[in-house]
Amino acid sequence: MRIKTLYLLFMIALFGFNLQAQQSNQKLNVFQDTLIKISNAANAEAFDNKKLELNGRFVKTLVEALKTPNSFAYPFDSLKNVSVIKSPDQAFRIISWYMQLENGTYRYYGTIQMNTNSGPLKLFPLIDQTENIKDPNMITDNQNWFGARYYEIVPVTSGNRLPYYVLLGWKGNNQTTTKKVIEILSFTKDKAAFGAPVFDGKNLKDKNRFIFEYTKSNAMFLKTDKKAGMIVFDHLAPFDSE
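Quick note: the sequence shown uses the numbering used here, first residue 1, plus one each step.
Treat the hints as calculated values from the structure; they're not laboratory data.
A few of these clues could be false.
[Claimed, not checked] Straight line, CA to CA, 30 Å or less: simulated DSS-like cross-link-like pairs of lysine-lysine:
#, residue 1, residue 2
1, Lys67, Lys189
2, Lys205, Lys67
3, Lys134, Lys67
4, Lys51, Lys80
5, Lys227, Lys122
6, Lys205, Lys80
7, Lys86, Lys191
8, Lys80, Lys122
9, Lys205, Lys189
Since the structure is predicted, the reported quantities are computational estimates derived from the model, not experimental observations.
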């Protein structure tokens, strides 16, 4: 009799969990539809003031969506203008996107959502400070972010170093050039840090991140080769603005 009672309680709890997950997904579907409409409107808008106003609405709606229970499991895969990528160890995900402005430059937005196992929402908002970062090699944090739209995350554990993540990102620059970035993300004392001197090789020890700049008429290949355990990219001639 006791076994039957325990089984019944387990089934009731399981039903309750599945019902909550289903309700969360339905709620998140509605949020995603709203986000798609706002994103499409913002990208179609010609004027910066209206575009940025719509983007502000997008940010507020996204945060409300992420407050929904179990939101970390929701892929937001219908948001075509937004990159949503999880770390392979499922510790966090990065949501990132950009707005192209009237003068041809770009402004980047995003957040890191930590996997709290259905606990309280934990975000690291990413505040693009590209224009104010005098030294692009400096180590920064999420409040002073060298903005990019990320498309790959690679976890690294090596020797005595603290675990960190390699991020590969696209960074539209201006009407003439585009950039790609090899960024380093680490978490220490409940803070997110960008950039670290983890690169091995001649003349690389002082590098905290890599930035490649190339003309818009070109394309650049940048990705990880997991079998070889390395990052591979095209060899590009340095950009000459003259």
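Those earlier numbered hints the structure runs against, lowest number first: 2, 3, 5 and 6
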